[in-house]
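Dock chain one against chain two, each of which comes alone in its own frame, and use the hints as you go.
Keeping their order, the protein sequence lines are chains A and B.
Each residue of the first sequence is one higher than the one before, counting from 1 in the working numbering.
Each residue of the second sequence is one higher than the one before, counting from 157 in the working numbering.
Please note: incorrect hints may appear among the correct ones.
Coverage of chain A stretches by chain B, computed from C-beta distances (three or more under 8 angstroms per stretch; other residues unrestricted) [as the list claims (entries may be wrong)]: (1) 2-13; (2) 17-24; (3) 35-46.
DSS-like, lysine-lysine: derived pairs with alpha carbons at most 27 angstroms apart [stated by the list, open to error]: (4) B:Lys360 / B:Lys343; (5) A:Lys91 / A:Lys81; (6) B:Lys325 / A:Lys23; (7) A:Lys23 / B:Lys256.
For the record, the hints were derived by calculation from the structure and aren't laboratory data.
Quick reminder that beta carbons are idealized off the backbone N, C-alpha and C, glycines included.
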Amino acid sequence: MNFNATLIGQMITFVIFVWFCMKYIWPPLMTALEERTARINEGLAAAQQGIKDLDEAQIKVSESLKDAKQQAQEIINQAQKRANEIVDEAKDIAHDEVDKIKDAASSDIDQQILSAREQLRKEVSGIALAGVAQILKREVDAETHSTVLDELVAQI
Amino acid sequence: MAYENSSEYIKHHLTHLVYGQHADGTWGFAHGVDEINEMGFWSINVDSMIFSIGLGVFFLWLFRRAAVRATTDTPTGLQNFIEMIIEFIDGSVRSSYSGKDPLIAPLALTIFVWVFLMNFMDLIAVDLVPWIAGLLGVGYLKIVPTTDLNITFGLSLTVFVLVLYYSIKFKGPGGFFAELAFHPFPKFMMPINLILEGVTLIAKPVSLALRLFGNLYAGEMIFILIALMYSGGWALGIFGGFLQLGWAIFHILIIILQAFIFMTLTIVYLDMASQTDH
Numbered sequence: 001m002n003f004n005a006t007l008i009g010q011m012i013t014f015v016i017f018v019w020f021c022m023k024y025i026w027p028p029l030m031t032a033l034e035e036r037t038a039r040i041n042e043g044l045a046a047a048q049q050g051i052k053d054l055d056e057a058q059i060k061v062s063e064s065l066k067d068a069k070q071q072a073q074e075i076i077n078q079a080q081k082r083a084n085e086i087v088d089e090a091k092d093i094a095h096d097e098v099d100k101i102k103d104a105a106s107s108d109i110d111q112q113i114l115s116a117r118e119q120l121r122k123e124v125s126g127i128a129l130a131g132v133a134q135i136l137k138r139e140v141d142a143e144t145h146s147t148v149l150d151e152l153v154a155q156i
Numbered sequence: 157m158a159y160e161n162s163s164e165y166i167k168h169h170l171t172h173l174v175y176g177q178h179a180d181g182t183w184g185f186a187h188g189v190d191e192i193n194e195m196g197f198w199s200i201n202v203d204s205m206i207f208s209i210g211l212g213v214f215f216l217w218l219f220r221r222a223a224v225r226a227t228t229d230t231p232t233g234l235q236n237f238i239e240m241i242i243e244f245i246d247g248s249v250r251s252s253y254s255g256k257d258p259l260i261a262p263l264a265l266t267i268f269v270w271v272f273l274m275n276f277m278d279l280i281a282v283d284l285v286p287w288i289a290g291l292l293g294v295g296y297l298k299i300v301p302t303t304d305l306n307i308t309f310g311l312s313l314t315v316f317v318l319v320l321y322y323s324i325k326f327k328g329p330g331g332f333f334a335e336l337a338f339h340p341f342p343k344f345m346m347p348i349n350l351i352l353e354g355v356t357l358i359a360k361p362v363s364l365a366l367r368l369f370g371n372l373y374a375g376e377m378i379f380i381l382i383a384l385m386y387s388g389g390w391a392l393g394i395f396g397g398f399l400q401l402g403w404a405i406f407h408i409l410i411i412i413l414q415a416f417i418f419m420t421l422t423i424v425y426l427d428m429a430s431q432t433d434h
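If we strip away everything but chain B, and leave its shape as in the complex, we get (with noise of 0.2 angstroms):
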C-alpha cells in the first residue's frame, strides 16, 4: 500500500478496523477516520476484538490442557512452563492478598498471561500483519489489542467492578461508605472527603487503564517511527534496522512489566477493598 506522506502512514497505522452503522444508515466497515467519528458508540474494534478473543482463548486453551494433563509425576517442558507461571501468580497472590478468596488467583492469572500475549503483539514486525491484512482486502488492520483504549478501559473498569463488589461485600454498603466520607479529614468535613476519596477510587481504573495503554501506544508508536526510516535510503535504513531491535529488545522488558503491574495493582486493589479493619 502506497503512502503519499509518512503522516498518512502514522494515521493509518493507528486506525482501526471498525465496523458499525454509517450516516446513511447501512451497516459495515469504515473506510476512514471521519466514517469512523460518524459511527458512534454502536460501533466496534473489530482488529482489537478479533486479536483480544483469540489471544484469550489461545491462553485458555493451552492453560486447560496443561490443567487435565497435570499429574503428580514429573512435568516436563511446557508442562513445567506453565506451572512455573502458576507458581509464580500464586506466590505473588499469597503475597499480596491478604484474605482467602477462590476468584483472585484465576484473576490474576488471566490477566497476567492475557495482557502479556496482547502486548506481544507489539513485537510482531509493525507493517507485516497490516500488509497480508491488505492484501486480502482488509484496509486498517491494528494487532495489539492494549494499544486500544476500548480494551485497557475494558479490563480495568471489570476490576473496578470487582473493587466495588469486594469493598460492599465485605465492609458492607455503611462501611463502605464511611470509608469514603469519615477520612481523611473529621465528620463534619464529609463532602471534602467524599470528594478526595472520591478521586481516590475513580483514579483506580483510570490510571490502570491509561498506564498499560500509554505504555504500550508509545511502544507502538516508535516501532512505526522506526519503521517509516526503511523508506529514507539504505543508509538510513540499515540505522533503523539497529534500532528496530534495540527498542524491541527493550520492549520485552516493557510488555512483561507492563503485565505484571496490571496484575499486581489489580491483587492490591482487591485485597485493600477486602480490609475490614480500616
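Bound conformation, chain A alone (with noise of 0.2 angstroms):
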C-alpha cells in the first residue's frame, strides 16, 4: 500500500463532485422541495377554511331555516286574524241588514195596520152613520151631528 498519484486525481475529482453537485442537484432539488413543502401547507389550510365555511353555511342554512318557519308561522297568524275579523264584519253587516230589513217589514205592517184601521173606522163610520140615520130617519140632521160623529170616530 503506498501512496501515488491516485491521491491527486481523487481530489480533483472530488472538488469537481462537489461543485456539480453544488451548481446543478442540490439547488433545483431544494427548490422543488420547499415549493412543494409550501403547496401542502397552502392545500391543507384551503382544506381547513372549506370545512370552517361548510360549518357556517350549515349553521346560516339552519337560522334561516328557523326563520322562514317563524315567518310562515306569523302569516298564517296574521291570515287566520283577518279570517275571523271578515266572518265578524260579515256578521255584523248581515245583523244590520237583517235589522232593517225588520224594521221596514214591521213598519210596513204598521204602516198597512194604520191604513186598514183608517178604512175600517171609515167604513163602520159610514155604516154607523147610515144605521143611525136610518134608525133616527128625520129627526136627526145629518149635518149638525156630523161632528159628534167625527169624535166618534177617532175613538174608534
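Below, the structure written as C-alpha cells:
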C-alpha cells in the first residue's frame, strides 16, 4: 500500500463532483421540495378553511330555515286573524241588514194596519151613520150631528 | 487464474492495477508488486480511479435526473427515494451545522452517496469482476475504491483543506492562530499548545481517512478469506457460503454506517471551523 498520484486525482475528482452537485443538483431539488412543502401547507389550510366555511354555511342555513318557519307561522296567524275579522264584519253587516229588513217590514205592517184601521173606521162610521140615519130618520140632521160622529170615529 | 497458494491469492487480490513509468523509462501497467514499488509516487491506481469516477458520475447522473424532473407534484418511485435522501442529508446538515452555507449540504450529499456507492462495491463477489477482467487480459483489479488509502485520503484531505479555509474565513488568520496557540493552556505555554492543537487538527483528516479505509479494508479481507474456503472441499465450501452470506448482510450495515460517519464528521469539523466564539 503506497501513496501515489491517485491521491491527487481523487482530490480533483472530489472537488469537481462537489461543485457539480452544488451547482446543478442541490438547488433545484431543494427549491422543488420547498415549493412542494408550501403547496401542501396551502392545501391543508384551504381544506381547513373549507370545513370551517361549510360549518358556517350549515349554521346559516338552519338559522334561515328557522326564520322562514317563524315568518310562515306569523303569516298564518295574521291570515287567521284577518279571516276572523272578516267573518265578524260579515256577521255585523248581516245583523244590521236583518235589523233593517225587520224594521222596514214592521213599519210596513204598521202602515198597513194603520190604513186598514182608517178604512175600517171610515166604513164603520159610514155604516154607523147609515144605521143611525135609518134609526132616527128625519129627527136627526146629518149635518148637525156630524161633528159628534167624527169624534166617535176618532175614538175607534 | 490459478494460484500456487493462498498467500499468493490474497496478495493478488490486494494489488492495484497501476499505471506508471517503469524503471527502464517506458510507461505502462505494472506487472507485480515490485514494479509498483519502482514506479514511486507518479503512478496511478487505474482501477480505483475508474471505479471512483464511474460511481461518482453515476451518482451525479442519477441525482441530476431527479433534479431536472423535480416538480411540486406528487413524486413517485426513484424520484421519491432520491428526495428522501436529500431530505435526510438536509436534516443532518441542519442539525449539525449551525451556520448557513451553500457548500455544506451539497458536500455532505456528495460524500454520503459517493462513499456509499464505493463501499457498495465490496458486496459484489470478490472474484467475479477480477475474473472477468482476467479473461480480458487485465492482471490486477481492485473494485472497491474505498479500500485504497489514496481514495480515502483524497476525500479527507479535501475536507481538511475546506476546514482550514473555513477556519481562516470565519475566524481570520489571527483568530485561527489564537485558537491553536492559546488553548488549552495559558499563553506562556504556547509551544505546547501549538503541538497539542496541531495534533488535534492533523488527526481530523487522518482519522477520517483511516476509519473508512480500515473498515472497508478489513471487510474486503474477510470476504477474501471466506472466498479462500471455497477451495477447501465441499463441506468447507458450504460453510463458507453461509459465512459469506452472513458477513455480506452485516456488511450492508457497515457500508452505510461508514458513509454516514464520514459525512457527519465532515459536517461537524466544518461546523467547528465556522464557530467564531471560542
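We went through each hint and held it up to the structure:
1. 2-13: holds (count 11)
2. 17-24: holds (count 6)
3. 35-46: With 3 residues close enough to chain B, the hint holds.
4. B:Lys360 / B:Lys343: holds (24 angstroms)
5. A:Lys91 / A:Lys81: The hint holds at about 15 angstroms.
6. B:Lys325 / A:Lys23: holds (21 angstroms)
7. A:Lys23 / B:Lys256: Within the cut-off at roughly 16 angstroms; holds.
Violated hints: none; the structure is consistent with every hint.
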